[in-house]
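Kindly produce the complete structure, drawing on both the sequences and the hints.
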Amino acid sequence: MTISLFIPCFVDQMTPQVGLAVATVLERLGHTVEFRPAQTCCGQPSFNAGYQDEARAVAIHALEVFAGAEAVVGPSGSCVAMMRVFYPELLAGTPHETAALDLAARTFEFGEFLVRKLGVTDVGARFPHRVTYHDGCHGLRELRLREEPRQLLRAVRDLELVECDEPESCCGFGGLFSVKFPMVSTAMAEVKAGSLARTDCDYIVSSDPSCQLQLDGWLSRQGKRPRTIHLAEILAGTAS
Amino acid sequence: MIRTAAENATARAAIMARVGEALRIPAPPPHGLAGRSTSPVDAAGHPSLAILPLEAARPWLPDGGATPAESLAVCCENLTKLRAEVFQVPDLAAAADCLAAQARQRDWRRVAWHAHPLVEPLLAGVPCVSHRIGGDAGFDKDTLEACDAGLSACECLVAQTGSILVSSQTCGGRALSILPHVHVVVATIEQVVPTLADAFDLTRERHSGSLPSMLSFITGPSRTGDIERILVLGAHGPKELLVILVGSHAAQ
Amino acid sequence: MTAALPSSPPAAGAAKRQFLHDAAEHVRDVGHREFVRRALGGYYTSRDTQKARYRDWEQARDAASMAKWSAVNRLDELLPRFEAAFTANGGQVHWARDAEEARRIVLELLATAKAKAVIKSKCMTSEEIHLNQALEADGYGVVESDLGEFIQQLRGEPPYHFVFPCMHVRRDEISDLFGQHLGTPPTDSPEELTMIARRHMRRLYVDADVGITGANFLVAETGQISITENEGNARLTAALPRMHIAIAGIEKVVERLDDLAVLLPMLATAGAGQPMTCYNTLYAGPRREGEADGPEEMHLVLLDNSRTALLADAEQRDALHCIRCGACLNVCPIFKNVGGFTYGTTYQGPIGSVITPHLRGLKEWNHLSGASSLCGACTDACPVRIDIHHHLLHNRRNAARSSPDRLERIGQKLFAAVARRPWLFATGGWLFRKTLGLAKAIRPPVLSAWLATRDLPPAPAQSFRAAWKRRQR
Numbered sequence: 152m153t154i155s156l157f158i159p160c161f162v163d164q165m166t167p168q169v170g171l172a173v174a175t176v177l178e179r180l181g182h183t184v185e186f187r188p189a190q191t192c193c194g195q196p197s198f199n200a201g202y203q204d205e206a207r208a209v210a211i212h213a214l215e216v217f218a219g220a221e222a223v224v225g226p227s228g229s230c231v232a233m234m235r236v237f238y239p240e241l242l243a244g245t246p247h248e249t250a251a252l253d254l255a256a257r258t259f260e261f262g263e264f265l266v267r268k269l270g271v272t273d274v275g276a277r278f279p280h281r282v283t284y285h286d287g288c289h290g291l292r293e294l295r296l297r298e299e300p301r302q303l304l305r306a307v308r309d310l311e312l313v314e315c316d317e318p319e320s321c322c323g324f325g326g327l328f329s330v331k332f333p334m335v336s337t338a339m340a341e342v343k344a345g346s347l348a349r350t351d352c353d354y355i356v357s358s359d360p361s362c363q364l365q366l367d368g369w370l371s372r373q374g375k376r377p378r379t380i381h382l383a384e385i386l387a388g389t390a391s
Numbered sequence: 098m099i100r101t102a103a104e105n106a107t108a109r110a111a112i113m114a115r116v117g118e119a120l121r122i123p124a125p126p127p128h129g130l131a132g133r134s135t136s137p138v139d140a141a142g143h144p145s146l147a148i149l150p151l152e153a154a155r156p157w158l159p160d161g162g163a164t165p166a167e168s169l170a171v172c173c174e175n176l177t178k179l180r181a182e183v184f185q186v187p188d189l190a191a192a193a194d195c196l197a198a199q200a201r202q203r204d205w206r207r208v209a210w211h212a213h214p215l216v217e218p219l220l221a222g223v224p225c226v227s228h229r230i231g232g233d234a235g236f237d238k239d240t241l242e243a244c245d246a247g248l249s250a251c252e253c254l255v256a257q258t259g260s261i262l263v264s265s266q267t268c269g270g271r272a273l274s275i276l277p278h279v280h281v282v283v284a285t286i287e288q289v290v291p292t293l294a295d296a297f298d299l300t301r302e303r304h305s306g307s308l309p310s311m312l313s314f315i316t317g318p319s320r321t322g323d324i325e326r327i328l329v330l331g332a333h334g335p336k337e338l339l340v341i342l343v344g345s346h347a348a349q
Numbered sequence: 004m005t006a007a008l009p010s011s012p013p014a015a016g017a018a019k020r021q022f023l024h025d026a027a028e029h030v031r032d033v034g035h036r037e038f039v040r041r042a043l044g045g046y047y048t049s050r051d052t053q054k055a056r057y058r059d060w061e062q063a064r065d066a067a068s069m070a071k072w073s074a075v076n077r078l079d080e081l082l083p084r085f086e087a088a089f090t091a092n093g094g095q096v097h098w099a100r101d102a103e104e105a106r107r108i109v110l111e112l113l114a115t116a117k118a119k120a121v122i123k124s125k126c127m128t129s130e131e132i133h134l135n136q137a138l139e140a141d142g143y144g145v146v147e148s149d150l151g152e153f154i155q156q157l158r159g160e161p162p163y164h165f166v167f168p169c170m171h172v173r174r175d176e177i178s179d180l181f182g183q184h185l186g187t188p189p190t191d192s193p194e195e196l197t198m199i200a201r202r203h204m205r206r207l208y209v210d211a212d213v214g215i216t217g218a219n220f221l222v223a224e225t226g227q228i229s230i231t232e233n234e235g236n237a238r239l240t241a242a243l244p245r246m247h248i249a250i251a252g253i254e255k256v257v258e259r260l261d262d263l264a265v266l267l268p269m270l271a272t273a274g275a276g277q278p279m280t281c282y283n284t285l286y287a288g289p290r291r292e293g294e295a296d297g298p299e300e301m302h303l304v305l306l307d308n309s310r311t312a313l314l315a316d317a318e319q320r321d322a323l324h325c326i327r328c329g330a331c332l333n334v335c336p337i338f339k340n341v342g343g344f345t346y347g348t349t350y351q352g353p354i355g356s357v358i359t360p361h362l363r364g365l366k367e368w369n370h371l372s373g374a375s376s377l378c379g380a381c382t383d384a385c386p387v388r389i390d391i392h393h394h395l396l397h398n399r400r401n402a403a404r405s406s407p408d409r410l411e412r413i414g415q416k417l418f419a420a421v422a423r424r425p426w427l428f429a430t431g432g433w434l435f436r437k438t439l440g441l442a443k444a445i446r447p448p449v450l451s452a453w454l455a456t457r458d459l460p461p462a463p464a465q466s467f468r469a470a471w472k473r474r475q476r
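Protein chains in written order, with our numbering: chain B, 152 to 391; chain C, 98 to 349; chain S, 4 to 476.
Hints should not be assumed to be uniformly reliable.
Claimed, not checked - Chain C stretches covered by chain S per the calculated footprint, using a threshold of three residues with CB under 8 angstroms from any CB of chain S: (1) 105-111; (2) 117-125; (3) 184-198; (4) 213-221; (5) 260-271; (6) 283-295.
These aren't lab readings, by the way, just hints derived from the structure by calculation.
In this text the structure is predicted, and so the values were computed from the model without any measurement.
Glycine residues also receive a C-beta, built at the ideal position from the N, C-alpha and C atoms.
In structure tokens form, the structure reads like this:
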């Protein structure tokens, strides 16, 4: 299968290693991976702020970029949810509706793609650490992914997976919410990061670089351990 | 100074006009219906938004038991979990003994009751003053408030939720089951129905045409969690709920 | 909790400024946030225990949502049916277009009853129309009988949570409050505090002339109103006084008694983790011949107060499904961190953030939809499947259309223009990476909001697209 990478804009600029890790895992499984450089942003910042005309323009650009791709895989539950759940809604009743539904059906979050589409849970990775998994809300509630990332982690050699006591709590990122209501956003980070840290784990595993930014940002400011790591980095064996 | 019927009619017409106008645009179906095979679907396979028959919903709700014996067991289990005290006795004579023992043990001085074939036979041995509620004389609120216990019949018991259904028509009015500190319910085991839906069926059968002015599902003793979400029994209604169940399925 | 400023007509944006101010204040009170979280801690366990008793909770949610959907979308048919049945039962229906009209109806009823003492059981609709203030202004003594509402009445505060009104108050504060108002000795036992209120209230039920309650459901089939409560105070309020007045929004109608077989247990399980609320009572008019007691008259005030405006929004009409169980508040990280008063609304939490802009105006109340990370915990918790967090997005969209922030609109247009031009977008990304260090030092507004409490890692030397190009070579 030829898989087209969907690299969210902040992965592009801030965490390129996550995108590379996704490619590494998929190639190791025998697939061809391509990156279409015309891709930009999924349009979520506009959509979430209520600026749907602007979001629609960005969405149409994404439809054009990914036209004809066999499968589109991205390392962010949030950005994938934008394409899968909100593009069809945003473009309903427009000439792009069919294309939006078509792209939605071909777009997958990284862990979801491995488990649900490829039926793979063991990619042969080893990671000798105690970890906990942080559910990103879009992955959990828009894409209904709860077991998939955990199945992948349980198959990793020498990895110990523990659960935190606030498994369904949001980290408080929420895009522009994090800077429009910074005190509320930070209080939420404190609750979630506190819960994750109480597991006494070495790493917090996430499938959403935006949640990572929030959790690490708070933990680092507090001078606390642990730090986050993307699921793809563990599976690729490229985790530092 | 009282609002006239005409004013009320004007307000009604205005609101109904707004309702009618608002509903001209149809609403989308409810969000995220589970819509699995047992969900009602129309010919096109979409979740059916025609009125959902309760029959369809019944198998999704908590279980109320498949046989009378099962329902009785579920009912007693639920009542106990809700902190009601259940006494299972073989006949009315044993029920009377049970009540007398409870009255002595709890040191009741006054008991209120209402005329009912299940209630009256229990009073003989009660070692305290008893006040009849209802009948032509009515009752004095202060007297009822001063009673330690209220003794009543019920319409039915619901196994599914451990609820007791009382009515103002057949169970001594509205206050008897709520004002005294203890509520004692006497019922036969045949009065246990599996589910809330069965209780509604029963109500329709028994009272169609003239509903009691009050029907109340009582599910455990009065409670509150208003202070620090800590459970306290006996907020305003009865602190204790005793259920005397007469009869046994094994004997039949 | 209320605006301290003496200015009478609130300035534009006042509600938002107050929200930001109160939220910041609340967030700083770490002990209080911990107290509220702990108080709600037991909720999850008991809710999950009760949910597990359902043979299929998700499908039961389908049934509950469809019962409400089919009623709300047929209000034109069901309201008159309910009215006819309720009237046949001997009750009287009073239609109120707005809060003022509802208050006037209640005051007139009290006058005809020559009422001296009024006892109330918990009724959020009466909070919505500020009934107590109106009654007190006319010289009536009004007592809230629900323990939580009673405590809030003594404190002079509105409910903090529309199901758990005083969940934010510590037991020692309640002990002091009772000592001050009722002259009772101090105690740290919730049991003893509850008994103090119980003893105090008994006399008041017996002496009250009029009892005022809310209503959870209005059954069109039978003309009954259904009231859900745990304490028994609503039962007493509707049993002993001469007149019973219930106040309910028009959206409370359901078609059949059978609908309650689904809705009553789900309300209890979703909202408080109970199999059933302790008392679920159906009232069909005043005392009947042959009944031992009950009021001589029963009145129902049917309130619109902008509900028809929400009804007219087909996209968000399902917000009228709300059965006020409070589940969305219990699971909401925003509610738990900013507290109930910060909202400044009658209905707090996610559902309040959805409906308040419809009831009070989008321009002034849209900030409530912005104050959400859109995590969706509310939507998952809702027993009647209201699409709560997506409606927050719908409110944001409507606000961006009707009253956009000028600066934000320019920013969004610019962003969209850049995001459609790959080379420009890539260049923008490069510029962002190269200037991030400098920006962190200068701290422009958006970045400083982040950096006040959180670090930002340094930008990597190259972007993914550059790394990819190199990797493919």
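A quick look at each hint next to the structure:
1. With a cut-off of 8 angstroms between beta carbons, the segment 105-111 of chain C has 4 residues touching chain S; three or more are needed, and the interface restraint holds.
2. For a cut-off of 8 angstroms, the count of residues in the segment 117-125 of chain C with a CB near a CB of chain S stands at 8, and the three-residue condition holds.
3. Restraint check on the segment 184-198 of chain C versus chain S: 0 residues with Cβ-Cβ distances below 8 angstroms, three needed, restraint violated.
4. Given a C-beta distance limit of less than 8 angstroms, the hint that chain S covers the segment 213-221 of chain C is violated, as 0 residues qualify and 3 are needed.
5. Residues of the segment 260-271 of chain C with a Cβ under 8 angstroms from some Cβ of chain S number 6, which satisfies the need for three, so the listed coverage holds.
6. Coverage of the segment 283-295 of chain C by chain S holds [criterion: at least 3 residues with CB-CB distance below 8 angstroms; count 3].
Comparing the model with each numbered hint stated earlier shows that hints 3 and 4 do not hold.
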